[in-house]
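Protein chains in written order, with the numbering used here: chain A, 8 to 145; chain B, 2 to 71.
Just so you know, these hints were derived from the structure itself, not from any lab. No residue lacks a Cβ here, since even glycine has one placed at the ideal position from N, Cα and C. Some hints here could point you the wrong way.
To give an idea of the interface, some chain A residues facing chain B are shown, with a C-beta separation under 7 Å as derived from the structure [to be verified]:
| hint | residue |
| --- | --- |
| 1 | S9 |
| 2 | G64 |
| 3 | D80 |
| 4 | E81 |
| 5 | R82 |
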Amino acid sequence: MSYTGQRSLAALGAILLMYGAYFVWAAAPGRSVDAVSSRMAGTVLFLVIVLVVLEIGIAINAVRTGQTTGLADERDRLIAARSARNGYFAVFSGLWFMPFLALSGASSVLIANCLLGLMVFAEAVHFASRAIYDRCGG
Amino acid sequence: MATTRVTNKLRVFRFNAGEMTQAELADRSGLTRQTIIAIEQGKYAPSLEAAFRIALVFNAPLESVFGYEA
């Protein structure tokens with residue numbers, strides 16, 4: 008698998024695992040605003056650390072195996088653009104619903120988790136798209 | 002993912018150029034090895050500029066390296 012493919016899959020896996028665990032925890036009833044906000048912030052921080060460690064590991068492995076790590080050619084830019092577009096559509100597919108949710112009197116915790124879930128969904132679509140396009144030729 | 006109708010003879014030209022590797026062709030044409038692989042497998046159609054750069058590596062006309070299936 009290519010260097011960019013490895014990075015995309017690693018990011019996708021980390022996002023799904025970390026946020027998946029968070030949403031399983033957050034789905035339990037009776038979570039206070041303070042508990043949700045601190046858990047959410049902690050999840051984001053821990054995810055950043057995990058992603059940095061994964062990126063370093065993948066980069067070291069790429070250098071060790073002689074893969075190209077720095078050059079981004081036209082195909083890489085095309086894949087990045089298409090993947091970003093897919094992520095945008097994923098965000099837009101749910102974002103229009105948020106004003107109605109807010110106006111319906113939903114709790115701040117629910118609104119915050121829905122927004123976070125939407126962002127996680129968009130990022131998952133983005134990285135999954137990159138991995139698939141990289142694998143299938145672009 | 003759909004394959005492209007742009008055909009190529011990269012593998013033949015690489016072989017005739019002293020068994021040039023995909024990595025060497027990538028370095029000399031300013032592309033990545035993954036892109037060269039995708040082009041050879043017919044999964045990616047290079048831009049006109051990239052196609053010219055590849056043809057220039059082999060010192061061959063563009064239409065001898067690339068073709069199009071109507």
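We went through each hint and held it up to the structure:
{"no.": "1", "hint": "S9", "result": "holds (5 Å)"}
{"no.": "2", "hint": "G64", "result": "violated (20 Å)"}
{"no.": "3", "hint": "D80", "result": "holds (5 Å)"}
{"no.": "4", "hint": "E81", "result": "holds (5 Å)"}
{"no.": "5", "hint": "R82", "result": "holds (4 Å)"}
The structure is inconsistent with hint 2 alone, although it conforms to all the rest.
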